[in-house]
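Novice: Model the full structure from these sequences, guided by the hints.
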Amino acid sequence: MTQKSRPVLLRRRLLAVPAVLALALTAACSNSSSKDGGGASSAAALTGDCAKYQPYAGHAGTKVTMYASILSPESDSLEKSWAEFSSCTGIKISYEGSNDFESQLQVRVTGGNAPDFAIIPQPGLLAQMVKTGKVVKPPAGTVANEDKWSPVWKTYGSVNGTFYAAPMSANMKSLVWYSPKYFKQAGYEVPKTWADLMALSDKIAKAGGGKPWCGGIGSGTATGWPATDWLEEVVLGSYGGEVYDQWVGHQVKFSDPKITTAMQTVAGWMQNPAWVNGGIGDVKSIATTTFQDAGAPILTNKCWLLQQASFYRAQWAKGTKIAADGDIFAFHLPAVNPSVPNPVEGGGEFLAAFSDRPEVQAVQNYLSSSEWAGSRVKVSGGWVSANQGVDKSLYTDPIDKLSAEALTDPAATFRFDGSDLMPAAVGSGQEWKSLTAWFAEGQAIPKVAADIDAAWPQ
Amino acid sequence: MPTALLADSAWTDATIKLGNSFGAIAGFLGILLVVFFAAGRASGRLSRPLAIGIFLGPAVLLLIVGLVAPLVRTVYLSFYNDDSTRFLGGKNYGWALTTDSIHTVLLNTLLWLVIAPLAATGLGLVLALLVERMRRQALYKSLIFMPMAVSLVGASIIWKFVYEARDSSQQQIGLLSQLAISLGWEHPPNWILSQPLNNFLLMAVMVWVQTGFAMVVLSAAIKAIPDEVTEAARLDGARGLQLFWYVTVPMIRTTLVVVLTTVMITTLKAFDIVRTMTGGNFGTQVLANEMYSQSFVQFNVGRGSALAVILFLAVLPLVAYNIVQLRKERETR
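In the order they appear, the protein sequences are chains P and X.
First residue of the first sequence? That's 1 in full-length UniProt numbering, and the numbers climb one at a time after it.
First residue of the second sequence? That's 1 in full-length UniProt numbering, and the numbers climb one at a time after it.
Simulated from the structure, these hints should not be mistaken for lab results.
Check the hints yourself; a few may be wrong.
To be clear about the criterion: a stretch of chain P counts as covered by chain X if any three or more of its residues have a C-beta under 8 Å from a C-beta of chain X, and this derived list gives those stretches [to be verified]:
1) 215-227
2) 275-287
3) 414-428
4) 437-450
So, partial list: chain P residues that the calculated Cβ filter (under 8 Å) puts toward chain X [stated by the list, open to error]:
5) Q128
6) K433
7) P457
Where a beta carbon is used, it is the ideal one built from N, C-alpha and C, also for glycine.
Specialist: Laid out in structure tokens, this is it:
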């Protein structure tokens, strides 16, 4: 026994070292986090450039966390847009972007590790989050700011009639990309009505210099979404907002004659063998072409037109001049039925809060204000707000300007992307699958419609 | 000024996080040392059970937390509706076994299960025999084994380029289409869209990745056949194929079975290939991918869980058979 005791003593001393170290380190860490960014001026009057942030003052030294799917470099622009707010008020916004946001948010929120804010791009996902009971209702300031958006946006930020999340940004889907350069060479004019558009397509097809339309609905695991957009554009442009809302809410089924007629219109447009798929292949090749690649043949004049959202702007090769007199530009997709006033289909992002700490509410108020939207517009292009209070002259990019005008037009029939509003089992499940099969396998319209209807949650 | 401030706070943030991680690791090590120290001091009747508990305990605990508990929960969830609020009984299983699209999924999974492992093992065996007689064996072996180092997603992306199709009037991007055109086929099809061919084209990726593994293991087994056995067979007049069927194959039978079942299990679990190449469209969906999209894309946890249970039941006999074979092999040695 005596022989054993020495090594034991030695071991005891060795083991003391890491234990003490651990204690010291954890102590050091817990202190330092509260120290950083501390300002002496909490609640004191802000002066100079900072004066305009007075309503948000009084929370110096605090930190809020934000989680979203926006990655660098776009997220850098976001951080830049609130940098001044942060340094003046002393509220630090810690931003985290993830590729896997949609599924990870669910995991984090139900796991009790919710961020203070999440930027949610689909009303369907917002409803899913509200179901968890963790989403906090916005403060009065945010609700007041919301009035600068057209009323329909409020319903998209609401779940079961309760307003939860203010919109941050908007994008426009009802655009057709074309090349002003080649249009000028061929003497074509930008069509103003659906009939003109169809006549132009026919004319281009008969002229023989490349097919009129290009298209691609491939998008990895989200393959099929561009096809849902085409159908939504046609439904909205044929019947207007009311039928569109009923369709999204499944009071009008996919198998309803109205919707199957719209599908026939889509088939006559994007499944017409004489019209597609310029520069790539036959009708079926639309299913295997990624939406990113789809528009490229416009630059080489192998196809003439592509229906895609405003964010498609980022897909054009470097050096492509995007302007009304440049290589590439876009026009507003006309309504199928001329009596529907200016249909605009779009998407957007909503700011949902999972905490009601005062600093979180201050940030929420600021990010819903038109001042912040203006500040974001100034940082860089490719970002549009449908907030009526944003000065339109701030937009430097012609596509942004075009989108902003359409999105804030009080006479327009604006509706949110339908598949983002439908339940996930349909909107990001069966509808994608069935429309892909429609293009790839030429499935009959009644079967496609019946399959989607059958997937609707009971 | 604001950017400098941002950068500064990012640094302090990073330092705090690093400090926290080190603290946590040090704390963990400290606790472990205390436990081991206590176990080391224990003596007498208590020492043996204590030692067993300390060494086996963490493993069993992790197994329960990481495997058994999720399994039980998955089975439980498979009887509930999409957001686990309403008991449905066997409805999810009924859906899985009666829906048309799921029938295709089950059929495809079965095809994968039979064809991909057989092809990979067969090809691996042939290659093992061929390489055996070549000089610079190691070089060829490493070349064939190399795809094993590529992840399934990476391999799928490589092959997606191979299968890329363009209208025959255009310049081709895909190797396969270009080859077909060079061989005189005027209008090669859009490969990924051609059913049921596309299923086999997808399996080719799995075979490409797994053949190297099969070859290396089988080659080792062939090398382990004692020379006397082959010699004796030769003296008895066995030649070529006879030697192969009556000596080599029986001698490496257990290894063959282990390789085959291992590849089968990998195949059953594989969803990356289908997910990357077709996303389950064009009639190529398999069980593992359908399970993922039901639970994490369409948020129907009940249906996803039911599919997971079906998949689990399908893997179970393979694993059991594999273990029995490994046991047998150990006994014979």
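Novice: Run every hint past the structure and note whether it holds.
Specialist: Against the structure, the hints:
1. 215-227: This one holds; 5 residues, not fewer than the three required, reach chain X with a Cβ under 8 Å.
2. 275-287: Contact hint for the segment 275-287 of chain P vs chain X: holds, 7 residues under 8 Å.
3. 414-428: Coverage by chain X holds here, the residue count being 3 at a Cβ distance below 8 Å.
4. 437-450: Our answer is that it holds, as 3 residues pass the Cβ test (under 8 Å) against chain X, meeting three.
5. Q128: holds (7 Å)
6. K433: Result: holds, 7 Å to nearest chain X Cβ.
7. P457: Since chain X brings a Cβ to about 6 Å from P457(P), closer than 8 Å, the hint holds.
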